[in-house]
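K.L.:
The opening residue of the sequence shown carries number -9 in the working numbering; numbering runs sequentially from there.
Simulated from the structure, these hints should not be mistaken for laboratory data. Hints are supplied without guarantee of correctness; some may be wrong.
Pairwise CB distance ranges (calculated) [unchecked claim]:
hint, residue 1, residue 2, range
1, 330, 135, 34 to 44 Å
2, 120, 313, 54 to 64 Å
3, 202, 135, 16 to 26 Å
Taking lysine-lysine pairs in the DSS-like style, the calculated list, with each CA pair at most 27 Å apart, reads [said to hold, decoys possible]:
hint, residue 1, residue 2
4, 269, 225
5, 269, 307
6, 269, 322
7, 225, 127
Even for Gly, the Cβ is constructed at its ideal location relative to N, Cα and C.
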Amino acid sequence: MKAFGQIERILAVPRIVLAGLALAGLVLVATVVVPARDALAQDPHTAALQSIVKLSIRVPPDARSARTLGTEREGNGIVIDGNGLIVTIGYLIIESDSILVTTAAGKSIPAELVGYDHDTGLGLIRTAVPPAVPPLKLGDSTQTAERDQVLVAGHGGQEAAIGAFVVSRRDFAGSWEYLLENAIFTSPPIAGFGGAALIGRDGRLLGVGSLFVGDAMQGQRPLPGNMFVPIDRLKPIMGDLLTQGRPSGPIRPWLGLQPEDVKGRVFVQRVQSDTPAAKAGIGVGDIVLAVGDKPVTGVADYYRKLWSLGEAGIPVKLKLLQGAELREITVKSADRMSYLKINKTY
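Required output: the full structure, derived from the provided sequences and hints.
P.N.:
In structure tokens form, the structure reads like this:
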């Protein structure tokens, strides 16, 4: 793509130099973004931008996720077939009762939830009638590496697309009992990251936008950017999402507590109401010391040890520090999906 040629000289700057720029994010935005947009206007791969649509979602006020994610949500979706199948980030559409898709041409079409996978964070929806946009082909994100040149794009055409680069491939642990292995981190950041498309040099989809992070590139002076779910995480589960709304196979145990990693200690920062953790008496400020008899050294380690115990429904023994008291609490785990109020339109 011609757009990538405009940013090659920036990407050639050694990693250590980029990390040391005092205003790295601002410098890169000013240098990379504007030329990328100019070049995009001449590039045949701009057809890929037509595949990115706007999503407007409504969620009932009594939905479990309404408190944290709101009842009205907006983001991006990416059309991936000729029959209106759209991939997006799952938190936009979870527990939705209304989804409206708007194309770059301004045409609005209702859509329905097809499937959701919490383990990857990805979701699928389908429009009531196929949108008149070209589907974006899936790429091979297993080959995506640091310093790769990419486009990050939301709905809105060229004005919503920026030239960027991959600055890291690493695991990401989220407080919502979520662990994404080998996530893709890019910089500079895009504001409309939810469900945004990560597009490779070949014009194919490499990832789906999830988060803004302040440390896309880590170091003494972290570089801000976005985290993307690699598109290859969708491929093995797509069939199950289309036919049964969720992946088949073992279901991970879920407790409903949100941990925070503080210097290797796992603090409980929130406990969702009416969850296994809440029913067992776990509270905010508790420190998780061990799962069973295995000490935990961080949030990712805690998740892996929790999930290694077996499937949803198993009892989970946690060693906790509650104030000055050391306690062992057994929590009866559950299936997260049974807690959510899903409008099963699939």
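K.L.:
So, for every hint listed, does it hold in this structure?
P.N.:
Hints and how they fare:
1. Roughly 35 Å separates the CB atoms of residue 330 and residue 135, a value that falls within the hinted 34 to 44 Å.
2. Distance hint check: the CB atoms of residue 120 and residue 313 are about 58 Å apart, consistent with the given range 54 to 64 Å.
3. Between residue 202 and residue 135 the Cβ separation comes to about 22 Å, which falls inside the hinted range of 16 to 26 Å.
4. With a CA separation close to 37 Å, the supplied pair residue 269 and residue 225 exceeds the 27 Å bound.
5. Pair hint residue 269 plus residue 307 holds up; C-alpha atoms about 14 Å apart against a cutoff of 27 Å.
6. The suggested pairing of residue 269 with residue 322 holds, with an alpha-carbon distance near 9 Å, which does not exceed 27 Å.
7. Straight-line distance between C-alpha atoms of residue 225 and residue 127 comes to about 12 Å, which keeps the hinted pair within the 27 Å bound.
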